[in-house]
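Asks: Sequence:
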Amino acid sequence: LGAFTGLLLATLAALLQFGSWHGLVSVWAVFAVGQFLESFLITPKIVGDKIGLSPFWVIFSLMAFGQLLGFVGMLVALPLAAVCLVLLQEGKQAYVSSSFYRKR
1 LGAFTGLLLA TLAALLQFGS WHGLVSVWAV FAVGQFLESF LITPKIVGDK IGLSPFWVIF
61 SLMAFGQLLG FVGMLVALPL AAVCLVLLQE GKQAYVSSSF YRKR
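If you read the sequence shown in this note's numbering, its first letter stands for residue 1, the second for the next number, and so on.
In short, the hints are calculated from the structure, not lab data. Even glycine gets a Cβ: it sits at the ideal position worked out from N, Cα and C. Careful: at least some of the hints might be erroneous.
As the list claims (entries may be wrong) - Capping the alpha-carbon separation at 30 Å, the derived lysine-lysine pairs in DSSO-like fashion look like this:
1. 103 with 92
2. 45 with 103
3. 92 with 50
Stated by the list, open to error - Computed beta-carbon distance windows for the label pairs:
4. 85 with 40: 33 to 43 Å
5. 64 with 98: 46 to 56 Å
6. 93 with 12: 15 to 25 Å
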């Protein structure tokens with residue numbers, strides 16, 4: 001909804017200022033590049049740094065949980081991914097310090 005509103009306002013401003021299709025296409029291109037960078041690079045990097053996940057896992061968990069559980073999945077994706085990360089790290093630590101691992 002926010003991106004659509006932004007695009008609508010940018011389109012209106014471009015039509016009023018430039019009055020041609022060249023200006024409108026230029027504004028759409030800048031908007032598309034900005035949206036791509038913000039959605040797929042900047043936000044996953046910032047969120048991932050805060051919760052300890054790489055940007056790849058942020059995007060993957062949002063897409064996977066969103067596909068599986070819909071809107072609710074998107075809400076719980078990052079907390080569940082962070083919990084899974086902690087469980088995997090703790091499990092690895094327990095395994096490495098176990099006698100089973102040290103016998104090998």
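Asks: Does the structure break any of the earlier hints, and which numbers would those be?
Replies: Hints 2, 4, 5 and 6 not satisfied by this model.
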